[in-house]
Structure formats: structure tokens, C-alpha cells
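Engineer: Here the protein sequences come in this chain order: R and C.
Note that full-length UniProt numbering has the first sequence beginning at 1, numbered continuously upward.
Note that full-length UniProt numbering has the second sequence beginning at 1, numbered continuously upward.
None of these hints come from the bench; they were simulated from the model.
Check the hints yourself; a few may be wrong.
[Said to hold, decoys possible] A short, non-exhaustive set of chain R residues, derived as facing chain C with CB atoms under 7 Å:
{"hint": "1", "residue": "Glu519"}
{"hint": "2", "residue": "Ser523"}
{"hint": "3", "residue": "Gly526"}
{"hint": "4", "residue": "Tyr527"}
Note that the structure is predicted; figures quoted are calculated from it, not measured.
Glycine included, each C-beta is placed from N, C-alpha and C at the ideal position.
If you want the building blocks of each chain, they are given just below.
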Amino acid sequence: MSVASAVAEQVLNGLVVGMVYVLLAAGLSIIFGVMDVINFAHGELFALGAYFAFAIAGPLGGAGFWVALVVAPLLVGVVGMGIERLTVKRLYGRDPLYHILLTFGLVLIINDLITSVWGKSAQPFPIPAVLDQPVALFGFNYSLYNYGIIIFGSILALGTWLLLNRTRFGMIIRAGSEDREMVRNLGINIDRYYTLTFGLGAALAGVAGIVLGAYQNVSPTMGSSVIIPAFVIVVLGGLGSFRGAVVGGLFVGVVQTLARTYTPFLEGLIVFLLMIVVLVVRPKGLFGTNIGAGEHHDGALLHGAGGGVLSSATRAKLGYAAVGVLVLVPFFAELTGVTYSVTLLEDILIWALFALSLDLVLGYAGLVSLGHTLFYGVGAYASVLTLMHFSPSVFVALAVAVVVCAVIAWSVGYLSIRVSGVFFAMITLAFAELFYNAVFKFDFTGGSDGLFGVDVFYGLAGLGIDPREFEIPLGIMTIDGGMVQYYFLLAVVVGSYLLARRLIRAPFGSVLQAIRESEERASFIGYDVTAYKRRAFVVSGGLAGLAGGLFAANNGYVAPSFLHWINSGEVIVMTVLGGMGTLYGPMIGAGVFVAAEDILSSYIEQWQLVIGVLFVLFVIFVPRGLVSLPQTITEHSMFESAVGDRTSVKDAEVERHD
Amino acid sequence: MTDTILETQNLTKEFGKLVAVDDVNLDIERGEFRSLIGPNGAGKTTTFNLLTGALRPTRGTVTFNGEDVSALPPHQRVRRGLGRSFQITNVFSGLTVRENVRLAAQAARHEGFTPVEEFLDNKDSFDDVNEHTDRVLERSGLLGRGDEPADVMAYGDKRRLEIAIVLATDPEMVLLDEPTAGMSAEETRSTMDLIDEVLSDRTLLLIEHDIDLVMRVSDRITVLHRGEILSEGTPEEVSEDPEVREAYFGGVEA
Numbered sequence: 001m002s003v004a005s006a007v008a009e010q011v012l013n014g015l016v017v018g019m020v021y022v023l024l025a026a027g028l029s030i031i032f033g034v035m036d037v038i039n040f041a042h043g044e045l046f047a048l049g050a051y052f053a054f055a056i057a058g059p060l061g062g063a064g065f066w067v068a069l070v071v072a073p074l075l076v077g078v079v080g081m082g083i084e085r086l087t088v089k090r091l092y093g094r095d096p097l098y099h100i101l102l103t104f105g106l107v108l109i110i111n112d113l114i115t116s117v118w119g120k121s122a123q124p125f126p127i128p129a130v131l132d133q134p135v136a137l138f139g140f141n142y143s144l145y146n147y148g149i150i151i152f153g154s155i156l157a158l159g160t161w162l163l164l165n166r167t168r169f170g171m172i173i174r175a176g177s178e179d180r181e182m183v184r185n186l187g188i189n190i191d192r193y194y195t196l197t198f199g200l201g202a203a204l205a206g207v208a209g210i211v212l213g214a215y216q217n218v219s220p221t222m223g224s225s226v227i228i229p230a231f232v233i234v235v236l237g238g239l240g241s242f243r244g245a246v247v248g249g250l251f252v253g254v255v256q257t258l259a260r261t262y263t264p265f266l267e268g269l270i271v272f273l274l275m276i277v278v279l280v281v282r283p284k285g286l287f288g289t290n291i292g293a294g295e296h297h298d299g300a301l302l303h304g305a306g307g308g309v310l311s312s313a314t315r316a317k318l319g320y321a322a323v324g325v326l327v328l329v330p331f332f333a334e335l336t337g338v339t340y341s342v343t344l345l346e347d348i349l350i351w352a353l354f355a356l357s358l359d360l361v362l363g364y365a366g367l368v369s370l371g372h373t374l375f376y377g378v379g380a381y382a383s384v385l386t387l388m389h390f391s392p393s394v395f396v397a398l399a400v401a402v403v404v405c406a407v408i409a410w411s412v413g414y415l416s417i418r419v420s421g422v423f424f425a426m427i428t429l430a431f432a433e434l435f436y437n438a439v440f441k442f443d444f445t446g447g448s449d450g451l452f453g454v455d456v457f458y459g460l461a462g463l464g465i466d467p468r469e470f471e472i473p474l475g476i477m478t479i480d481g482g483m484v485q486y487y488f489l490l491a492v493v494v495g496s497y498l499l500a501r502r503l504i505r506a507p508f509g510s511v512l513q514a515i516r517e518s519e520e521r522a523s524f525i526g527y528d529v530t531a532y533k534r535r536a537f538v539v540s541g542g543l544a545g546l547a548g549g550l551f552a553a554n555n556g557y558v559a560p561s562f563l564h565w566i567n568s569g570e571v572i573v574m575t576v577l578g579g580m581g582t583l584y585g586p587m588i589g590a591g592v593f594v595a596a597e598d599i600l601s602s603y604i605e606q607w608q609l610v611i612g613v614l615f616v617l618f619v620i621f622v623p624r625g626l627v628s629l630p631q632t633i634t635e636h637s638m639f640e641s642a643v644g645d646r647t648s649v650k651d652a653e654v655e656r657h658d
Numbered sequence: 001m002t003d004t005i006l007e008t009q010n011l012t013k014e015f016g017k018l019v020a021v022d023d024v025n026l027d028i029e030r031g032e033f034r035s036l037i038g039p040n041g042a043g044k045t046t047t048f049n050l051l052t053g054a055l056r057p058t059r060g061t062v063t064f065n066g067e068d069v070s071a072l073p074p075h076q077r078v079r080r081g082l083g084r085s086f087q088i089t090n091v092f093s094g095l096t097v098r099e100n101v102r103l104a105a106q107a108a109r110h111e112g113f114t115p116v117e118e119f120l121d122n123k124d125s126f127d128d129v130n131e132h133t134d135r136v137l138e139r140s141g142l143l144g145r146g147d148e149p150a151d152v153m154a155y156g157d158k159r160r161l162e163i164a165i166v167l168a169t170d171p172e173m174v175l176l177d178e179p180t181a182g183m184s185a186e187e188t189r190s191t192m193d194l195i196d197e198v199l200s201d202r203t204l205l206l207i208e209h210d211i212d213l214v215m216r217v218s219d220r221i222t223v224l225h226r227g228e229i230l231s232e233g234t235p236e237e238v239s240e241d242p243e244v245r246e247a248y249f250g251g252v253e254a
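So here's chain R without its partners, still in its complex pose (with noise of 0.2 Å):
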């Protein structure tokens, strides 16, 4: 095959993936655009699109893939006016954050019921004979199907153009887009507009799921693999522009296809080193316009719920109480045998620090960091990677750690703040996959399987413990190297909540929460409000980094999977469940949510599936999160719900902050 034709099929290639991107963020985009929210669940209705035509195809043999194309995206369509109305509708009105962490407990649960119903391993989805050949075309042969999906695509972009500039439809959800209440004014009901336009979103990612599953196969990770890309398309593109997601979604497609066979080194980073580029150069994407869509809220929740009803005092005693438990755990786990327990309070402890660090940009300066594994995973590397080199000494590794992640907060920052809202989301989402897919590459940072076998020394110059010799007989039982460990890191999340109490009471910390009160306000009486959010995004970076470079000292290795996105969406839903905007809250979030997941996973199978409804019951009814509930539980008693939720809301307000 000559040069021009190997290149003119990758591209044929690169436009059949761009076609299924285009189709998901379009309706992605859509979904943004008309209802400001932010579908992390678009990949799993994607996900469920290909298995419902998998389920309906298999047997009916012949024309069952006609059949599916057609019912099993209304089935999704359908699947996506029921999340719709149940879940999203109730948070029109909040903060677009609230989406985020709305449709991230869907993806688990949709995510595990597709496991649940068709098991985890992929499976084979055969495209109809019809269309399984080559065809030949301006000189070279090309698979048939190949050609169906581009045109198909097409087909389907252009009608979804028509449908929303050339119909009523179309009309009304694009004024509702503007203004909400006007619309509903003209008597129009607007809700079963967005339904119907969820719904819609929804249906294109099940027809891009099919096409993708007969092109490749159906997986249950199918999901949470384009969504990444997906997001970064709608971003390239302009969050809420059509155009913008059709360019970007081929123009990502081809890249992709194109850097996987010429520039191997780069697949996997070119796509989020356009979008950072991009976003620096154009903050607005490509296309965007409508910048302002997503940043005139009013912010209405988006910080936690602070004092409650428990007093300062009540709460510092509580606070000694549980320093005092996890101290004397050791030993009970000791004289009981069950040293699983300091196992996981381990783990509780790693992630409530790493909740605390995300608190600090999330709960105070009010941004949104999609991407904090970035530096939970690099503090993990970084000190992994020091403790080989240079010295084994857990201080100096931890110190490089978090030195390292506050340098790259600094530049990360630098690039990112001074784009607002959503797109920093976005844009710390990038960077975090950048490093995701950057260590698979790398031979210093083990490729895919990591680093592993590392022993750390808990002194400096020779002076010091080493766990693995540590041995002090106490009576009936021994401090032993796990203890040392286990006291090291409790003295050190402790320190660092204390740091960053301190923090928060100081004037900087007063004025992130003017910040967050009010950008605007802060500016005009002098506060450089840029500079403030990037020094707390690099404390924030340096403690994330902190924990991850315990994690990784504690366990004695580091692996790709410490970037995964995934961690970042933990992380938040920690926070949030505990109560974001107190320092406390976001700990305890983690402690429960460690401590459940590690429950549940023992006892069930589809725990995520548990989690994830927990975690949207919370979302829609508790969005200040647990350390508000005892002010919401006395509150009801006192006003027997008849005054509503809405003054409950306001009156908390009144004494936040700690």
C-alpha cells in the first residue's frame, strides 16, 4: 500500500472514532448548553446505548442490529428523561458543581448495573454481513462499515442541527438557554422541554455507543473511556456550541488515530496538550460564545454548612476525643489480633487529608479541581522516585513530594485560574490525564506497572527508626514498625488540619472566603483575587501531594492508577458528603466513605451501585453534607418542616466557618 493510501485510511479511521465523538458531544454539548449541566454519565448512557442493542440484536440474529439501532437509543433516550426528571431537575438552580457530583454517583451506578447484568469482560458485537466487507473506493479498499458510520454520523449532526435551529423545538429550548423564567412566562412549559432535550442527549450517546460497540466491542469500561476525550472535545469546541463539537469531535478523532500510528509517544497526550493550549489561547474553545452561560450563579450551596448546632467548644472536644480513639487503636488492634483495623484507618487517614487539601480550593476559593489526583499521584511518584534515588529517608521523600506538587500548583494555576469556573474544572481535568497517560510512557516512572519495593527510613543522616528492625516489647505486646508508621502518619494529618485551621483563621484565609462570598466585592476593595486563589491552589497542591507521598511511603510502591480520574471524583465526593467549606467535614467524609466502601465491598457485590445511590440521596437532599445534619434534623423538629427548606438554608448560613 503506497504512503498516501496508508495515511488516507488512518484518517478514514481517525473520522469513523471523530463521528462517535461527534455524536457524544454534541449531545454532551447540547445538555451544557440548554441546561447548564455538566453529564459525567454521558459515557455510561454511551456504554448503555451499546449493550441495550447488544441485548437486542444477539437474538434476533439477521436484522437485529436494524432493530437495535433504532429501539436501542429511544430505550436510552427514555433512560435519560428518567435521570432527568428524578435527579437533575431537582438541582436546576444550584451550582453547576452540583451536576458534577450529581452524575458522577450515576456513573456508578449505571456503570454497575451493566456489570451486574452482562458481566465484566468484554464481548463481541457482531456488525451485520451486509455491511462487513471491504468496498473499493478512489483506489483502495475500506471496510463498508467504516463508511456507514461516517455517513450515518453526518446524517445524524445535521439533523440534530435542524432539529434545534429550524424547528419550534429547537426554538424554545434555545430561549430557555437564555432565559429561563421569560420562557416560562410565554407559557411554555420549559420543564418537559429540558426533559425532552436530556432525553435527546441522551439517545445520540446511545447511537454513538452502538457504533462504536460493532466497530470495536462492548465493554463496561467503554464508558469511562470517551468521556475524557468527550469532555475535552466540548471544551475545544466551546462548552454549549454545536459547531464546536462537531469540529472538535473530528478533529480529536483524526489527531488521535493519527498520533497512535506515527507519533506513539504522543497518543494519549496530544489531545489534552491541544486542549491546554487551546484553553490558554482561546479560554472561550473555538467556537464558544456564550462564556457567561455557566458563571451567573449565584453560587447558591456551593459552600458547607459549618458550626452547626454543636458549639466550638463541643466540637474541639470532639475533635480530642477522636484524636484520643485513633491513638489508642493500635493497641486494642494489637491485644485483639484484628490489625486489619489500622489498616484501614490508614487508608481513612490518607484520603482525609487529601479531602482537606481539595476543601481548601473547593470549600474556600470555590474552585472546581476535576483534576486533584494530578497531584495526589505525583506527590506519590515524586516521593516513590526520591526514596530509590536519592535517600531513603521518608522527611526528605515527603518534602520533595510536596514541594514538587506545589511547584506544578503554581503552574497549573498560573495557566488556569484566570479562566473562571467550569473551564477550570476542565482544564485541571486535563492536566491531571495529561500525567495520567505521561507516566505509561515514561521507563523513570515503570510504565504501566509502576514503582514498587521501596522502604523508607524514618530518620534523616542515618539517625532514626528503621520499621523493619523497630521492635520495643511493652509488657504483652511489642511496638513494632507498623505502629511507628501508623503514629507518623496520624501526627501528620493531625499537623496538617492544625496548619490549616491556622490557615483559615489568618487574614489569608479570610480573604478566600470574601472570595467566595464575592469575587467581584473582594477585588474592589483591594484584594488581588487571582493571586489569592493560585496561593491557595498551591497549598491545596502541596498537601494533596503530601498525602499521596504517604500513601505511597506507607504502601511501598506507586502505580499509574493513582492518576486516575477517578481518585478526583472520590476525592470530591468525600468532601462534599462531609460537608465542604469546614475543615472537619471533608475528613469525615472521607472516614465514612473509606470506611463504606470498604465495608460494603466486603459483604456485596455492587457496592459501587450502593455507594452511588447514597451518594445521589445525599447530593439532592443533603448538599451540605453530613456535619449539617444535626442542625437540619433539629431544625425540622423545631420548625416540623412547614417553613421549608428554603429558610432552613438561609438561617444556616449564619454561623459557618472554622
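Knowing the structure of chain R, use the given hints to seat chain C on it.
Structural biologist: For chain C alone, kept in the frame of chain R given last:
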């Protein structure tokens, strides 16, 4: 030579083909109460935004206390003593009254903090900030209400807090953006009294479209029309200017 505090030279702002502010030369004297008026679309708000730093001019300069501040972002201008109030009350509603004022007071002496003070000392431990906060609360009639949360205050009290925050930034000059927009005659009077009571020793520039109000309170008035200065002078001079009558009353004999 008079003592000029704020001066603009050939200040121009274009939005595409629309020239919102066209070659405006302002010269505001220290201690003056100046008003900038004009019918809707005259370019008042754009001029205001050019002065505060929310917008950058297409051409021309803004000079404050002899320094060219045209390229400075808003917070730098505030630091140099150019404060502003908001049309729609914009306070930190989740915080207490005292914290609202204290934050502004803290900003006013912000350069003086060492990193340790900035990041580790308790925010309430700075005597000079606390004293300044107390003084401002007293002067704006909010003493004793410091512990109230800002978001449950009555509308009039929020306006009071709004002015107090401006005062706490220690401005030499305050830009007031239609402080009485949407108010009843009664509310307008009490707001203007409050401004007079609290800010009378500062240079003031009031952006306003209510011509009667402006006539009552201003030392001098600048009339904007279609982005250009139409007339300037004392209230008497301006009210007798036939061009102003033409622009405001559209040729109707008054």
C-alpha cells in the same frame, strides 16, 4: 493651579463599531463632589468602568494623584485610594457585619503584613485593623451591630454596610454608581444623607441619571451625551445650558 486628583485624557472606549466613550477629558479637583450625568446610553457606566479598572480604554489615559493608572487592575486602583460603591448592594452576605468591614480595613493595610502574619496569625489579632474597623463601624452608625450576619439585614442597613465597606478601604476618592437606583424618594434622601454623613470629607464622583438629585448635591456636574462631554459646570450653569435642555428634554420647552 488647582489640585487635581483624577484626570482623564482623550479617554475612549470602543466596542466593535460602537464608540461608547468618545474622547472624554475629565478633571476632578480634590475635595470636590462631582456628578456625571446623562440620558440612558450616554456612556456613564462605561466611563465608570474605565475609571475603576473593570474595563481597559481603547485610547486615552486615566491619571490618579499624578500617576497613570490606565493599565492597573481594579484592586491596585483601590489600593491607591480610588474606592467604589456598587449599585446593587454587594456585601459578603455570609459573613458578619464586622467581618465585612474588617476585610476592607485589612485590605487597606495589606502591604504591611509579613508572610507569617498573613498566613499564620489570627486575623483578629491586628490592633490597627481592629481599631480602624471600630472607627468605621462607629462612623457609619453600625457600632454594636458587628455580630449580625450581613444577609439578614434590612435593605437600608445593607446600603449602610455597603458605604461602610467603602469607607474602610480608606479611599481618597469614591466613585458612586447610581447609589439610589430603584429607591423611593424617602430612601433616596436617607441614602444621600448617609453618603454626606460618612463620606463628605472625600472626593466624590457620582454617576447618576436622576437630574434633580444631582442638582441638589453636586459641586460641579459633567453631562455626557452619546459618549462625549456635552457640558460641564456648576448646577446652575449646567441647568441653563440650552444643549443640556435639548439632550435631556428633547427640545420640549421647559
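Engineer: Provide an ascending list of the numbers of those earlier hints which the structure does not satisfy.
Structural biologist: 1
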